[in-house]
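Enquirer: The hints should help you fit chain E onto chain H, whose structure is shown.
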Amino acid sequence: MPEPKTAEEKFQERLAAWLSTEGKPFESGEIARTYKERAKRFMDVVDLKEPKQVPTVMMAAGFVAAYGGISLADTFYDAEKTAQANRKYLEDFQPEYLLAGGGMPIGKALDILGYTMYKWPGGDLPDDTPFQFVEGEYMPVEEYDQLIRNPEGYVLRNYYPRIFKNLKGLENLPSFFEPAEIVGVAKLLMPLATPQMQETLGKIAEAIEYLRSGIDAAMQSSTENLGRFGVPSLASTLTFAPFDLLADSMRGTRGALTDMYRCPDKLLAACDALVDASVRMGIAGGLPGGPFVCIPLHKGADAFMSKEQFEKFYWPSFKAQLEGIIEAGMIPLPFVEGSYNNGRLDVIAASDLPAGKTVWLFDQTDMKLAKEKLGGFACIGGNVPSSLFATGTPEKMEDHCKKLIDDIAPGGGFFLAPGVVVDNAKPENVHAFLRTAGKFGVY
Amino acid sequence: MVDQSKALIEFIADMKEEEALALAKEMLGSGYDPLAILDHCRKAMEIVGQRFEAGEYFLPELMLAGEMLTQIGDEAKPLLKDSDSEGEVSSKGTVVIATVHGDLHDIGKNIVTFMLDINGYNVVDLGIDVPVDTIVESIKEHEPAVVGLSGFLTLAFDAMKETIEAIEEAGFREQTKIMIGGGQVDDNVKVYTGADAFGRNAMDAVSLCGGWIAQAV
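Residue numbers (the working numbering), protein chains in the order written: chain H, 1 to 443; chain E, 1001 to 1217.
Here chain H stands alone, though its shape is the one from the complex (with noise of 0.2 angstroms):
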């Protein structure tokens, strides 16, 4: 057998697919220059170093839709319009990279399966009101032990058919070590065989029918306007902290945080087995070659948690998290929303983890602290305020960030972001921000 693949071998070969040129559509040479240009450019930061030009990330949700003219309800139902849409944005706005993105025609697919932990646009929501968590608990207390026994044979069994209200079939799935005897086999489909799972096997199927039409126009545009616009793509998957898994989407805000006095250990030893799904989630999926993993960070932030709780309860998964994803080849792109301005930062640059590796983009941090904390250790961006896209006005995005540009980039690992994804925003301010970088950010 040969030798398995180091994690810098993995990485080493995700990154040389995602710097080539070759096999990709561009139209022209010199849109196959500007797209290697850019990627080894945010490489440059990633590796600590001063690029030739501050990188510019825009990471445009929402607004993508409103300036394509089209409603948030069309970005999850109607994959033609929702690519029009993403066309004249990267036609107009010529960002450098792709972070986040105008929607996914995944709207049908939502409806079939009865996912109830969300509401939508064009589902429950008006059409122009953004996707919204739904709070609750989806997981009782009592189920801590059998999540931590068999975290996916949980989620499937117990908690799938409470989130999906046309999945209740999968209560009775049968154990998938049935097939280790011969006659298993049967015992493996019988339960397949019943009404009610026929059923809910008949929604996943008609659910991915649906989802295959819509994300084979996706990704059809994408590749036609990564050829045409040479913009390389810093999201190719996303994943969620162990801990947020845990506090989001299943115990809760108000059952993980209670949690913490009620029971401690059980809450632990839950973030601990979800780790290996954390992982996995973040380097399965995506565009293929992409080295980063973007993880949205929630529940660890000042406003939740004191810093000895983020230390206990958030940090050791988190960070297993982190060293499982480079360890898998892939750089991890936490996206700390709120702020890490309570002893957070010492926390992680005092950890082992590998200088390099992982790129930070903040929401209301402190940026001269991060570059403080984090310099020489981790790539950082991000801090333009929302506010400013929304209701300011070109003189001010520029001031802004041209503040951020002379505080924080001299020495590099710095690239200029929004604190947030992009909703509202005046096209005037988009553009504004986009100019910054090149009047302000040369080396």
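Because the hints were derived from the structure by calculation, they are not lab data. Quantities reported herein were computed from a predicted structural model and do not represent experimental measurements. Check each hint, because a few of them may be wrong.
[Unchecked claim] What follows is a set of in silico ranges between Cβ atoms, one per label pair, in the way DEER data are often shown:
#1 GLU1018/E / VAL183/H: 49 to 55 angstroms
#2 SER1091/E / GLU142/H: 38 to 44 angstroms
#3 MET190/H / GLU1056/E: 56 to 62 angstroms
#4 ALA1022/E / TYR118/H: 54 to 60 angstroms
#5 GLU37/H / GLN1050/E: 55 to 61 angstroms
#6 ALA1054/E / TYR118/H: 47 to 53 angstroms
#7 GLU1067/E / GLY438/H: 49 to 55 angstroms
#8 TYR118/H / GLU1019/E: 20 to 26 angstroms
#9 LYS312/H / GLU1067/E: 16 to 22 angstroms
#10 GLU1075/E / TYR118/H: 45 to 51 angstroms
#11 LYS165/H / THR1134/E: 25 to 31 angstroms
#12 GLU1056/E / ASP265/H: 21 to 27 angstroms
#13 ALA1054/E / GLY411/H: 51 to 57 angstroms
Ideal Cβ placement from N, Cα and C applies to all residues, glycine included.
Expert: For chain E alone, kept in the frame of chain H given last:
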């Protein structure tokens, strides 16, 4: 008796849930005045609030304290006599609070409600995704000194602006101070929406109300 009451306050304030509940039940079982129990709870909440303001307590403690209060309240309230006027504490003033329409987030708003409540304000919490008209109606009914508008999404900037314009049109703007808060709210948003002030956290909300209401008195 004095020791028991002191212990109850400490158990709640120190997040000792089991001990607090057991002691409260024991006290009620031995004929302790349920009104006095509720008063101890209120004192404990004040300590929790102070520790939150001091950066010693965070959301886990506020949520657990809230749950202890509910559980003890559930035990004590059935024992109150009709003549007991529970909760008739004189309030510093009324605050109407809501997450604006289109936005379903309430974690931040609930903390503000909790902190204003334990700081002695009468808080009318209208919930999430609250239509403009409902807020205007509530102002008409409760005549609050302060209105707090909350929103997590950037979409809320416009909803806040609309709400404040409607309050103005209804003729209540002069008599009402308006504060806004939530995820992305900052000074730019304050100017954009026409609010009087914005707050970054629940302590800001408490001090804004304190400043405005002291002024009015």
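Enquirer: Hint compliance check: list the failing hint numbers for this structure, sorted ascending.
Expert: Violated hints (numbers, rising): 4, 6, 8, 10, 13; every other hint is consistent with the structure.
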